[in-house]
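J.: So the sequence lines, in the order shown, correspond to chains A and B. Quick note on numbering: numbering that gives the first Met the number 0 labels position 253 of the first sequence as 252, and the sequence is numbered without any gaps. Quick note on numbering: numbering that gives the first Met the number 0 labels position 302 of the second sequence as 301, and the sequence is numbered without any gaps.
Treat the hints as calculated values from the structure; they're not laboratory data. The beta-carbon is built from N, C-alpha and C at its ideal position, and this holds for glycine as well. Heads up, a few of these hints could be off.
Unchecked claim - Per label pair, the in silico range of CB-to-CB distance:
hint	chain 1	residue 1	chain 2	residue 2	range
1	B	Gly286	A	Phe151	49 to 57 angstroms
2	B	Ser211	A	Val343	20 to 28 angstroms
3	A	Val343	B	Gln349	49 to 57 angstroms
4	B	Leu331	A	Ser33	37 to 45 angstroms
5	B	Gln349	A	Gly54	34 to 42 angstroms
6	A	Ser23	B	Glu242	40 to 48 angstroms
7	B	Asp13	A	Arg184	36 to 44 angstroms
8	A	Arg184	B	Pro48	53 to 61 angstroms
9	B	Thr359	A	Pro321	58 to 66 angstroms
Claimed, not checked - Think about it this way: if two alpha-carbon atoms lie no more than 30 angstroms apart in a straight line, the pair counts; the simulated DSS-like pairs of lysine-lysine are:
hint	chain 1	residue 1	chain 2	residue 2
10	B	Lys323	A	Lys109
11	A	Lys109	B	Lys239
12	B	Lys336	B	Lys97
13	B	Lys82	B	Lys355
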Amino acid sequence: MSLANIKDSDVDIVIGALHSDLTSFLNEWRPIFSRFHLIIVKDPDLKEELRIPEGFNLDVYSKSHIDRVVGSSSSMVFTGYSCRYFGFLVSRKKYIVSIDDDCIPAKDSKGFLIDAVAQHLVNLATPATPFFFNTLYDPYREGADFVRGYPFSLRSGVACALSCGLWLNLADLDAPTQALKPEQRNSRYVDAVMTIPSRAMMPLSGINIAFDREAVGPALLPALKLAGEGNLRWETMEDIWSGMCVKVVCDHLGLGVKSGLPYVWRKDRGSAVESLKKEWEGVKLMEEIAPFFQLVRLPQTAATTEDCIIEMAETVKQQLGPSNPVFTRAAEAMVEWVKLWKAVGSGSSPL
Amino acid sequence: MAGSSVKPTPVLKDELDIVIPTIRNLDFLEMWRPFFEQYHLIIVQDGDPSKIIKVPEGFDYELYNRNDINRILGPKASCISFKDSACRCFGYMVSKKKYIYTIDDDCFVSGSLRADSVVFVSVSGDGAWNIMVDLKFLDPLFHGFLCFRELYLEKRYRSVVGMVAKNPSGEQINALEQHIKNLLSPSTPFFFNTLYDPYREGADFVRGYPFSLREGAPTAVSHGLWLNIPDYDAPTQLVKPLERNTRYVDTVLTIPKGTLFPMCGMNLGFNRELIGPAMYFGLMGDGQPIGRYDDMWAGWCMKVICDHMGYGVKTGLPYIWHSKASNPFVNLKKEYKGIYWQEDLIPFFQSAVLPKECVTVQQCYIELAKQVKEKLGKIDPYFIKLADAMVTWIEAWDELNSTAK
Numbered sequence: 000m001s002l003a004n005i006k007d008s009d010v011d012i013v014i015g016a017l018h019s020d021l022t023s024f025l026n027e028w029r030p031i032f033s034r035f036h037l038i039i040v041k042d043p044d045l046k047e048e049l050r051i052p053e054g055f056n057l058d059v060y061s062k063s064h065i066d067r068v069v070g071s072s073s074s075m076v077f078t079g080y081s082c083r084y085f086g087f088l089v090s091r092k093k094y095i096v097s098i099d100d101d102c103i104p105a106k107d108s109k110g111f112l113i114d115a116v117a118q119h120l121v122n123l124a125t126p127a128t129p130f131f132f133n134t135l136y137d138p139y140r141e142g143a144d145f146v147r148g149y150p151f152s153l154r155s156g157v158a159c160a161l162s163c164g165l166w167l168n169l170a171d172l173d174a175p176t177q178a179l180k181p182e183q184r185n186s187r188y189v190d191a192v193m194t195i196p197s198r199a200m201m202p203l204s205g206i207n208i209a210f211d212r213e214a215v216g217p218a219l220l221p222a223l224k225l226a227g228e229g230n231l232r233w234e235t236m237e238d239i240w241s242g243m244c245v246k247v248v249c250d251h252l253g254l255g256v257k258s259g260l261p262y263v264w265r266k267d268r269g270s271a272v273e274s275l276k277k278e279w280e281g282v283k284l285m286e287e288i289a290p291f292f293q294l295v296r297l298p299q300t301a302a303t304t305e306d307c308i309i310e311m312a313e314t315v316k317q318q319l320g321p322s323n324p325v326f327t328r329a330a331e332a333m334v335e336w337v338k339l340w341k342a343v344g345s346g347s348s349p350l
Numbered sequence: 000m001a002g003s004s005v006k007p008t009p010v011l012k013d014e015l016d017i018v019i020p021t022i023r024n025l026d027f028l029e030m031w032r033p034f035f036e037q038y039h040l041i042i043v044q045d046g047d048p049s050k051i052i053k054v055p056e057g058f059d060y061e062l063y064n065r066n067d068i069n070r071i072l073g074p075k076a077s078c079i080s081f082k083d084s085a086c087r088c089f090g091y092m093v094s095k096k097k098y099i100y101t102i103d104d105d106c107f108v109s110g111s112l113r114a115d116s117v118v119f120v121s122v123s124g125d126g127a128w129n130i131m132v133d134l135k136f137l138d139p140l141f142h143g144f145l146c147f148r149e150l151y152l153e154k155r156y157r158s159v160v161g162m163v164a165k166n167p168s169g170e171q172i173n174a175l176e177q178h179i180k181n182l183l184s185p186s187t188p189f190f191f192n193t194l195y196d197p198y199r200e201g202a203d204f205v206r207g208y209p210f211s212l213r214e215g216a217p218t219a220v221s222h223g224l225w226l227n228i229p230d231y232d233a234p235t236q237l238v239k240p241l242e243r244n245t246r247y248v249d250t251v252l253t254i255p256k257g258t259l260f261p262m263c264g265m266n267l268g269f270n271r272e273l274i275g276p277a278m279y280f281g282l283m284g285d286g287q288p289i290g291r292y293d294d295m296w297a298g299w300c301m302k303v304i305c306d307h308m309g310y311g312v313k314t315g316l317p318y319i320w321h322s323k324a325s326n327p328f329v330n331l332k333k334e335y336k337g338i339y340w341q342e343d344l345i346p347f348f349q350s351a352v353l354p355k356e357c358v359t360v361q362q363c364y365i366e367l368a369k370q371v372k373e374k375l376g377k378i379d380p381y382f383i384k385l386a387d388a389m390v391t392w393i394e395a396w397d398e399l400n401s402t403a404k
């Protein structure tokens, strides 16, 4: 089968800068990032100037840009980890790769440096198989194929819209889990990419992702903001919410979501116990969020990603809104995001 | 919350039967001896019942040939296939144990070899490598030697590397032990964990995984995989005769509720008490229009029922080494109808709904048989026969297992 070749010029690498000194981060990623255009978005709450090493082709956006483009009343939605969404908004490329600024390239089980960007692009360029599970995982990988019993009519697959990578060292566990096992680090390299089956829900971590911006851009959105949201992943749920929106949209539109490779190395940072002292809000909210997303169904008339988000926002407001104002605000943010996307995000001219 | 398992895995030697269908011989058992010797074997001899199948010394077993099957089931024996490994499900029916492990007679132990563990190497006339390994390097409890054939030569290293078991913590490379681990720990069918099986040592539930779902569901089936000869269908085998599965994917994961998969019977464990009656391997082989779909059929029925009953199905580790590639032309003849029929079968199973009044596996299965007759009968009269055989199977199961809870 033919693989669509993704050109370097089709890709933007979007980095949300929650740390001002990006020198070591970018130097670690230099062999992998240097051929691509980078969009760096500075967390508006960050006071210090960004320190960025030479030799990259990049654009840097900060609070003043955000204010100018979206108006200062909306800009609050782009704080903390959500600053990266501004990068998704202003990018004009077909594909986006986004990695947290506390992650560096990992090594595979043979000791070779993993090109996470290349793996993400391969994931996006090859079909996904959400309608039937292949027990040898990704059938398009070299040395693999569909197994006996896999229906032939499903073997051409569907387009992959989102690729979720994993993490070695500090895995994306929630605060209570990591606090209970403070020494636990993820050392298991699972050499697989797989499609998450249609209608199966999962927590999609935003730490190491790539997506087809043209296909699902409007669905990656900064909507769920916890009251105690902080600058550690343990203190956020925005990516989890966003990921579920993307999955529902993909399931509805017949697109695929892959999970597995590539791995990045996530540096030790913060204290799970400290984060735990703050709030369990995110953990409690998931009890309502999970069943909601599992059951939500979109009408046939929702034919574009934007339509899907608007429909979902309405359902969120009606079904989840009454139990917690954070959901009402999320629904409003989703609607506003689609407006913003239509106004700013979908043009073809650069900013 | 998933804890790390520091306890050794229970052996379950009085709770697990190993079911092996065979038509040729059981030489492969020598290789499995250290792992299988403590278990009771149920051997289902297919084909000519007058042939004597020799079982290697020292194994505790019961053997059933066609005459035995006819004698025990009487007219109901019609539901057990002849001249097809589907006959193995007779072994599930007569077993009295809680767990079943089933394996094909061309599957071998998978493990990695250290260079200093190799005792003797020879190459036989057919080009196969015969490598004798001191087992104490695989597991300090075992003494003796295993003979590996047909190893994959890893050019990068000077030593001969066998099948890959990349577990850095030095866990035992014991397929049966891994199946037991899989079956004794919960599954997570209601929400996908991106770090796969959260109950494995070193893993856990990821951020965002609802706490109310972290107890998981009981695991009904553990579906293992194969290195070397992959389980491809005939068309794929014909196109890629040389492809070998050399990728060791160090994971176990739960197949989400509502998702179907092709279940291979080559390396399969299951909880007989939970799901046994659903593991009917259908009508295949002699006198039937189809073959090599026995395990597929069982897998689709089983998954629909597990989804209904709230049980989980795991796939992934353990790997076994699949040594023999069957003849793709013979396979094509057997699978031919299946390749067409599965286009209708899959939508049927994907949309099958079992009424909530079905509260036992047997009830679910009878209901499924009814739906097979109604909806698939028009594809081919075979499905009417199959639906009847499904009912016969349940009747036979209940008869033989009437003292079971």
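J.: Against each hint, give a clear statement of whether it holds in the structure.
T.: Evaluated hints:
1. B:Gly286 - A:Phe151: 49 to 57 angstroms: 27 angstroms, violated
2. B:Ser211 - A:Val343: 20 to 28 angstroms: With Cβ atoms ~39 angstroms apart, the hint is violated.
3. A:Val343 - B:Gln349: 49 to 57 angstroms: 41 angstroms, violated
4. B:Leu331 - A:Ser33: 37 to 45 angstroms: 50 angstroms, violated
5. B:Gln349 - A:Gly54: 34 to 42 angstroms: Check failed, 52 angstroms falls outside 34 to 42 angstroms.
6. A:Ser23 - B:Glu242: 40 to 48 angstroms: For glutamate 242 (chain B) against serine 23 (chain A), whose Cβ atoms are near 42 angstroms apart, the range 40 to 48 angstroms holds.
7. B:Asp13 - A:Arg184: 36 to 44 angstroms: Cβ of aspartate 13 (chain B) to Cβ of arginine 184 (chain A): about 38 angstroms, so the range 36 to 44 angstroms holds.
8. A:Arg184 - B:Pro48: 53 to 61 angstroms: 57 angstroms, holds
9. B:Thr359 - A:Pro321: 58 to 66 angstroms: Check failed, 40 angstroms falls outside 58 to 66 angstroms.
10. B:Lys323 - A:Lys109: At roughly 29 angstroms apart (the allowed maximum being 30 angstroms), lysine 109 (chain A) and lysine 323 (chain B) satisfy the hint.
11. A:Lys109 - B:Lys239: Holds: lysine 109 (chain A) and lysine 239 (chain B) sit about 27 angstroms apart, inside 30 angstroms.
12. B:Lys336 - B:Lys97: Violated, at about 35 angstroms.
13. B:Lys82 - B:Lys355: Violated, at about 37 angstroms.
Consistency note: the structure conflicts with the earlier hints numbered 1, 2, 3, 4, 5, 9, 12, 13.
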